[in-house]
Amino acid sequence: MVQISRYQLVLMLIWTVLGTGIVTMPGTIAQFTLRDAWVSSMGLVLGAVLCAAIAWVHVRLFPGRTLTQAAIDVLGPAWGRAYGVWYIVYGIITTATIGRELSAFIGISVLPNTPDNLVSAIAFAVSMYLAYLGIEVVARVNEFILPLAALVSPVLFLLSVRLFDPSALEPILGDPASAAWRGAVVPAFAYGLEFSIALQWTPALRSPRTLPVDILLAGAISALVLSTLVVLTVGALGEPTRYLNYPVLELARAIRQGKFVERLDTLYVMGVAITLVLKLSAFQLAVIEAVKDVSASAERTWIPIPVALLAWSCNNYVFRNVFDVTDFILRDVPGYFLTTVVLMPIGLYMLRAVQSRKRALRRLKRT
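Residue numbers (UniProt numbering): 1 to 367.
I should point out that these hints are in silico values taken from the structure, not numbers from a laboratory.
The structure presented is a predicted model; accordingly, all values stated were derived computationally and were not measured.
Some hints could be false.
As the list claims (entries may be wrong) - With a straight-line Cα cutoff of 20 Å, these simulated SDA-like cross-link-like pairs (lysine to any residue) come out:
| id | residue 1 | residue 2 |
| --- | --- | --- |
| 1 | Lys292 | Val45 |
| 2 | Lys292 | Leu309 |
| 3 | Lys292 | Val2 |
| 4 | Lys292 | Pro306 |
| 5 | Lys292 | Ile93 |
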């Protein structure tokens with residue numbers, strides 16, 4: 001059976017969260033707080049801790065089983081598959097949201113005259129093919145882009161530091177605590193809870209018992225990167241950060257070096273496009289496993305195409321523009337994700353514990 005290493009898993013989780021995090025999170029946080037935006041960005045750690053706790057229980061109660069397989073084991077064929085259908089809907093909606101963010105970002109940044117549905121169709125086609133090839137291929141592609149990010153990111157960082165003005169962040173902790181908390185809700189309960197998709201990859205993990213530690217590691221690295229990016233963006237752009245959909249893009253566009261080095265936002269857009277496609281692939285892998293479990297299919301090769309087509313259709317017709325996506329993320333996603341990937345699994349594990357206790361009592365009575 002194909003298995004991925006801990007290193008590959010951590011990379012997949014990091015790129016999955018940062019894929020949309022580096023695009024929308026700085027602007028989302030800035031709507032609530034500027035001076036304490038770096039505090040809000042650390043809310044990502046809270047989401048990682050919740051996912052790690054869920055994973056710790058899962059790998060001990062259901063070793064080598066996906067979340068949807070665990071639901072069928074606990075709830076039985078009928079209710080377990082109903083749980084699986086709920087998870088599939090969650091995965092499709094999330095994938096559609098990611099696809100709409102990608103098409104809107106590409107359309108605004110580099111391809112304003114290209115229809116959004118065409119951009120998203122290309123992205124879904126590529127991500128579908130990666131998901132069809134399997135988790136090992138997706139993991140290797142994540143490994144491949146790491147050296148590219150390691151080369152490009154420091155260059156963009158050093159060039160943008162010259163624009164940094166610390167006065168935009170002063171006084172430190174000057175905003176009300178409630179503002180920082182409201183800014184942390186989306187990083188914590190939207191993007192931070194995306195680490196939970198690793199539960200659907202459990203059978204493919206070389207060392208599933210270390211999954212909670214890997215989630216915490218990926219969460220800490222992602223939070224550090226995001227916090228640095230938020231501080232740099234707010235310090236360079238200042239108050240206008242509140243009113244920009246893509247403040248990091250504007251920061252990249254502001255970089256100039258001499259007469260010949262300019263418009264480095266091209267590198268940023270390329271990096272964002274790659275990471276978003278990988279994020280689409282990661283969520284499609286999770287949905288594919290859920291469909292396979294619900295349908296009790298022995299093969300997975302037929303699943304990627306209908307999953308990608310359904311998500312692409314939702315991406316085009318559920319979210320008419322980028323404002324619909326932003327409104328959905330701010331108002332609905334935190335509660336929806338918290339219910340689906342935290343509260344429902346907790347209920348599942350509690351029910352499993354009750355069932356195990358009843359079985360133990362029955363054995364005791366027989367003896």
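Checklist entry - Given the hint that Lys292 pairs with Val45, does the C-alpha gap stay at or below 20 Å? => result It is violated: about 31 Å lies between the C-alpha atoms, which goes past 20 Å.
Checklist entry - Given the hinted pair Lys292 and Pro306, is their alpha-carbon gap at most 20 Å? => result holds (12 Å)
Checklist entry - Straight-line Cα separation of Lys292 and Ile93 no greater than 20 Å? => result Holds, at about 18 Å.
Next on the checklist: Please verify whether Lys292 and Val2 have alpha carbons no more than 20 Å apart.
Outcome noted: Holds: Lys292 and Val2 sit about 16 Å apart, inside 20 Å.
Item to check | Pair hint outcome, Lys292 versus Leu309 [Cα-Cα no greater than 20 Å] | outcome: It holds: about 17 Å lies between the C-alpha atoms, which stays within 20 Å.
Comparing the model with each numbered hint stated earlier shows that hint 1 is the single one that does not hold.
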